Amino acid sequence: MTKTPRSTALSVAAMPSLAVPGASLEAYVSAVNSLPMLSAEEEQVLARRYRDEEDLDAARQLVLSNLRFVVHVARGYQGYGLPQADLIQEGNVGLMKAVKRFDPAVGVRLVSFAVHWIKAEIHEYVLRNWRIVKVATTKAQRKLFFNLRGQKKRVGRMTLAEAEQVAKDLNVPVEQVLEMEGRLYAHDTSFDVQADEDDDAPLAPAQYLVAADADPAIALEQEDSEQDDSARLHDAMGRLDTRSRDILARRWLAEGEKATLQELADQYGVSAERIRQLEANAMKKLRAAMLEA
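The letter at position 87 of the sequence shown is residue 87 when you use my numbering, and the numbering goes up by one with no holes.
These aren't lab readings, by the way, just hints derived from the structure by calculation. The structure displayed is predicted, hence computed values, not measured ones. Quick reminder that beta carbons are idealized off the backbone N, C-alpha and C, glycines included. It is possible that part of the hints are untrue.
Unchecked claim - Here are the in silico distance ranges between beta carbons for each label pair:
id	residue 1	residue 2	range
1	Asn33	Arg101	39 to 49 Å
2	Ala27	Arg48	43 to 53 Å
3	Asp86	Arg276	51 to 61 Å
4	Ser271	Asp224	37 to 47 Å
5	Arg274	Glu221	35 to 45 Å
Required output: the full structure, derived from the provided sequences and hints.
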């Protein structure tokens with residue numbers, strides 16, 4: 001076999017045709033399962049050759065010997081209704097990224113390191129293609145999306161008790177579980193009126209938008225941005241001490257009449273100026289925590 005030209009890049013184009021499933025998925029799976037697996041010693045030698053000498057032939061062998069594992073991981077995502085060949089191809093991209101970053105000196109097998117990269121690429125593909133409108137855009141929503149599908153105990157909508165149990169297991173508010181479940185069960189709807197619809201058919205979104213220049217994509221982006229800001233604020237508030245959290249909540253987050261500095265000073269037995277200082281310090285910590293999130 002002709003040796004691949006040396007280069008610091010490792011991409012799908014640098015791999016043989018096995019890196020991309022062809023027309024016959026069964027033939028591809030059979031082919032990758034027939035490829036020899038590497039021993040730990042062989043893997044170490046190849047990984048050091050690629051790391052130290054940028055030997056792409058060594059990288060190619062590392063990728064090929066682990067393609068069967070990508071197939072195994074991709075099969076776990078069959079329930080999303082997406083082409084298995086596409087899931088495998090995305091997983092292969094993750095495997096190649098893992099080979100580029102693999103450090104043989106750490107002392108773990110490549111497959112243990114690569115599984116995170118493989119799943120990350122498949123996750124991104126699922127989220128891009130499972131719905132026309134994305135169901136999860138933030139990191140927290142992505143985690144909830146995949147965990148919620150895995151924890152559902154039956155086909156159909158969850159009961160409140162089931163939603164509460166999932167929320168407890170994932171350590172998230174039950175409202176977020178119910179909202180994500182609603183997204184999971186939502187159906188893509190045509191924006192425009194269909195020619196074959198009768199008079200009793202539901203109105204298409206284009207018929208009842210209030211403003212002619214309204215953009216659903218922008219509205220969805222703003223909604224997701226607000227949800228992300230709210231989640232980061234909740235996390236940042238949780239890092240404050242109880243007194244500071246109470247001061248900010250009653251001074252800035254209360255829906256009714258806001259507490260005055262003097263009212264809080266009387267409650268905590270300090271001066272109004274001390275409450276103002278605590279408030280200013282808590283706001284500073286809050287902004288810093290939100291920037292880190």
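Checked hints:
no.	hint	in the structure
1	Asn33 - Arg101: 39 to 49 Å	violated, 26 Å
2	Ala27 - Arg48: 43 to 53 Å	violated, 33 Å
3	Asp86 - Arg276: 51 to 61 Å	holds, 58 Å
4	Ser271 - Asp224: 37 to 47 Å	holds, 43 Å
5	Arg274 - Glu221: 35 to 45 Å	holds, 42 Å
Comparing the model with each numbered hint stated earlier shows that hints 1 and 2 do not hold.
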